[in-house]
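*Asks:* Read off the chains here:
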Amino acid sequence: MPSRDGARAARSPMAAPRSFLWTRRVVLTLLAGFVLLPVYVMISSSLKPLQDVSGKFRWIPDGLTVQPYIDIWDTVPLARYFVNSLIVAGAATVCSVVIAVFAAYAVSRYGFRGKRVFTVTVLSTQMFPGILFLLPLFLIFVNIGNTTGLALYGSRGGLILTYLTFSLPFSIWMLIGYFDSIPRDLDEAAMVDGCGPMRALFRVVVPAAVPGIVAVSVYAFMTAWGEVLFASVMTNDVTRTLAVGLQGYATQNDVYWNQVMAASLVVSVPVVAGFLLLQRYLVAGLTAGAVK
Amino acid sequence: MTTTVTTDPGTDRSSRGTSRGSGGARRGMPRIPDRIRRGGLPYLLLLPAVLLELLIHLIPMIVGIVMSFRQLTQFFISNWGAAPWTGLENYEIAVDFDAPIGEALLHSFFVTCVFTFFAVGLAWLFGVTAAIMLQESFRGRGFLRALFLVPYALPVYAAVITWAFMFQRDNGLVNHVLHDQLGITDQPSFWLIGDNSIYALIVVSVWKGWPFAFLMLMAALQNIPRELYEAAAIDGAGVRQQIRRITMPSLRPVNQVLVLVLFLWTFNDFNTPYVLFGKAAPADADLISIHIYQSSFVTWNFGTGSAMSVLLLLFLLVVTAVYLFLTSRGRKGSHA
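Each protein sequence line maps, in turn, to chains A and B.
For the first sequence, numbering that gives the first Met the number 0 begins at 0 and goes up steadily by one.
For the second sequence, numbering that gives the first Met the number 0 begins at 0 and goes up steadily by one.
I should point out that these hints are in silico values taken from the structure, not numbers from a laboratory.
Check each hint, because a few of them may be wrong.
What the hints assert, rightly or not - Sample of chain B residues lacking proximity to chain A, with all beta carbon distances greater than 10 Å (derived): (1) ILE100; (2) PHE108; (3) ILE183; (4) SER188; (5) ASP194.
Claimed, not checked - Partner residues are not named here, just some residues of chain A that face chain B (Cβ under 8 Å, in silico): (6) VAL40; (7) ALA99; (8) PHE101; (9) PHE117; (10) PHE127; (11) PHE132; (12) ILE139; (13) VAL141; (14) LEU163; (15) PRO196; (16) MET221; (17) PHE274.
Claimed, not checked - Computed footprint of chain A on chain B; a stretch qualifies when at least three of its residues, placed anywhere within it, have a C-beta under 8 Å from a C-beta of chain A: (18) 45-56; (19) 304-312.
Quick caveat, the model's predicted, so the values are computed rather than measured.
Here a beta-carbon is modelled for each residue, glycine too, at the ideal position from N, C-alpha and C.
The shape of chain A in the complex, shown without the other chains (with noise of 0.2 Å):
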C-alpha cells in the first residue's frame, strides 16, 4: 500500500488518492447531515400547522402555513424579549470590550509588578462554573436590594453584571493574545516619533486590531445572546430575555412546536447571518488569539 499510494502520491506532491477522496466525501456528507439535520427541522417544523407537528413527525410537511410566525408574537410577548436580549448581550458586549482594550494593552505591552497574577486570574475565572459565581451573585443582589433599595435583581443592569462574569475575562485573555500578534515595532515608532502610549493605542494599536476585536465583540455578544443560566434565576416578567422566553410557548395543555421552531429561528438568524457574514474576520480573530 505504501508504495502505490506514494508512487501516485510523488507525480504530483499534494494530491490525495482516490480511497481519500472516497473517504471524505463520505465522512463530509453524514458530517454535514448531522449538522444540518436540527436546521431542517427548525425550519420545516415552523412551518407546519398545529395538528401537523402535534401528530406523527414527517418528513415532508402536508400543508404549508406561515401562521406560527405570525402567532409567536401574541403567544408570548417575544418581542419584548427579544429588546430584553438586544440590550442585555450588546451591553454586556461593549463594556467587556471596551475595558478589555485597556487591560490587555497594559498586559500586552508593559511589564509591571502583579501582571502574573493578574493573567493568572483573568484565566482562571475563565474556566470556573457559571453556577459559582450565581449562588453568591444573587444573593448580594437580593441584600443590596434590601438594604439600599436597589433594584439589581431582576434588573436589566444587573443581569448585565453577571453577564461579565464570563464576557470579560474572555475578552481580556482573547485581546492580549491578538495584540501580541501585533508588531511592537508599530507602536513603538509611534511613540519614539512623539504619540503618547494613549495615542499610540487608539492611532495604531486599535486600528491592526480591528479583525481581532470584531472577533472578540461577536463572541462576546454570541455567548451572551445564548446565555441561559444567569437570566433563569436574575430576571422577572418585564426584564426575561429570549433564553427564559421561549419556555413560554410550553402551555400546561400544549407545546405549540411549530410556534417555538418559528421563534427558535427567528432568534438564530441575526446572530447565525452575523457570524456567518464575518466568519474569515472570526476565524483569524480568534486563532491569532488562541493558536499560537
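Mind docking chain B on chain A? Use the hints.
*Replies:* Relative to chain A, chain B alone:
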C-alpha cells in the same frame, strides 16, 4: 465608561511628555525597552478591569465560601448574615455518601464524568476529522466550513429546544426514524426521561461542541507548512502516514489546550441539560451544574449548594493543575 473618558486626556498628556523626553534622549536607540517606567500608566489601564474582577469574581467567591459554612436555608435568603454558623456541616452533608444528599451528589459526579468523557472524545474526533478533510482546498470547501460552524453560532436555547422536539416520544423525528422507518426499536422510546436520557444529552452536546474543536484545529492546520507534506510525499509517504507523522504531531500543542477547554466547558455545562430537560434532569443525566442549581434554587438549600460549588471548584483546580503539569512535562520532553 465615563471615568475612563475623563482620565484619558490627563494620562495622554503626562505620558506623552515622558515618552517624548525618553524618545529625545534615546535618539540612537529606536527600541523602547520593555520595562520602561511609565509610572502608574499600566495600573490606570487595568483599573476598570481590576475593579470589575473584584466585584464580579473575587467578592462573590469569598461570599460563596463564607456561605458554605452557614446554615443558609430559605429563611435567611434576604439576610444571609444572620444565618447560623455551622462550620463544616454543609461539607459533611455533601460528602456523606450513605445519606441521600451525598449519595445523589456522588451519582451526579459519576454521571458528569461519563458524559464529559464521551462528549469531549466525540467532539474532538469529529473536529479533527473534519479539519483534516478540509485542510486542502477543493470545490465546496468554503461552504462546508461555514456550514460546520452553524451549530456554534446558533443560540444554545434555540438549538437545544429543537433537539428536545426531535427527541419527543410521540411526535419527534428520532422515534419516527428509529421506530417507524427503520424498525430498530419495538416501540417508541422515551429519550428525555429514564436511562436513554444520557444518550440524548451526549448527542446534543457533541452536535453543539464539535464545531469549536473543528475551528481551532482547522486554524492550527493552516500553520503547517505545505513543504513538509511535499517532502514527505516525495519520500513516499501516503496520506495516512502524512497524517500520522506530520499532521498529528503538529497539532499536539493545540490539542492540549483544546482538550482542557472542552473538558471544562462540558463538565460545567448548564445550558444544554437545562434546556433539554428543564429544572429537574432525569437521574441518568443529572449533570453537576444542574444538580447544584436544583439543590439551591429548587430546594432552597444554599448552604449545601455553596459547599458543593466549592468542592466542584477544588476538583476542577486539581484536575487542571495535574493536566497542565503532565502536558508541560511532555512538551519539555519532546523538545529535549
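*Asks:* Next, verify each hint and record whether it holds.
*Replies:* Here is how each hint holds up against the structure:
1. Every Cβ of chain A is farther than 10 Å from the Cβ of ILE100(B); the closest lies at roughly 16 Å, confirming the non-interface assignment.
2. No Cβ of chain A approaches the Cβ of PHE108(B) within 10 Å, the least distance being about 13 Å, so the stated non-interface status holds.
3. Distance check for ILE183(B) against chain A: the nearest CB is about 16 Å away, which clears 10 Å, and the non-interface claim stands.
4. Every CB of chain A is more than 10 Å from the CB of SER188(B) (nearest about 14 Å), matching its label as outside the interface.
5. Residue-level check passed: ASP194(B) sits 23 Å from the nearest beta carbon of chain A, beyond 10 Å.
6. Interface restraint check for VAL40(A): the shortest CB-CB distance to chain B comes to about 6 Å, inside 8 Å, so the restraint holds.
7. This hint holds: ALA99(A) has a C-beta 7 Å from the nearest C-beta of chain B, less than the 8 Å allowed.
8. Nearest Cβ of chain B to the Cβ of PHE101(A): about 4 Å, under the 8 Å cut. The hint holds.
9. Look at PHE117(A): its Cβ gets to within about 7 Å of chain B, closer than 8 Å, so that hint holds up.
10. Using the Cβ-Cβ criterion of 8 Å, the hint placing PHE127(A) at the interface with chain B is satisfied: the shortest such distance is roughly 6 Å.
11. Against a cut-off of 8 Å between C-beta atoms, the interface hint on PHE132(A) holds, since the closest Cβ of chain B lies about 5 Å away.
12. At its closest, the beta carbon of ILE139(A) sits 6 Å from a beta carbon of chain B; the interface hint therefore holds under the 8 Å criterion.
13. Interface restraint check: VAL141(A) against chain B, minimum CB-CB distance 6 Å, threshold 8 Å, status holds.
14. With a cut of 8 Å, the hint placing LEU163(A) at the interface with chain B holds, because the nearest CB-to-CB distance is about 5 Å.
15. The restraint placing PRO196(A) at the interface with chain B holds, with a minimum CB-CB distance near 5 Å, inside the 8 Å limit.
16. Interface hint status for MET221(A): upheld, as the beta-carbon distance to the closest one in chain B is roughly 7 Å, under 8 Å.
17. With a least beta-carbon distance of about 4 Å to chain B, the hint placing PHE274(A) at the interface is held under the 8 Å criterion.
18. Coverage of the stretch 45-56 of chain B by chain A holds. Counting CB-CB distances below 8 Å, 9 residues qualify, and the rule asks for three or more.
19. For the stretch 304-312 of chain B, the stated coverage by chain A holds: 5 residues have a C-beta nearer than 8 Å to a C-beta of that chain, and at least 3 were required.
Consistency note: the structure conflicts with none of the earlier hints.
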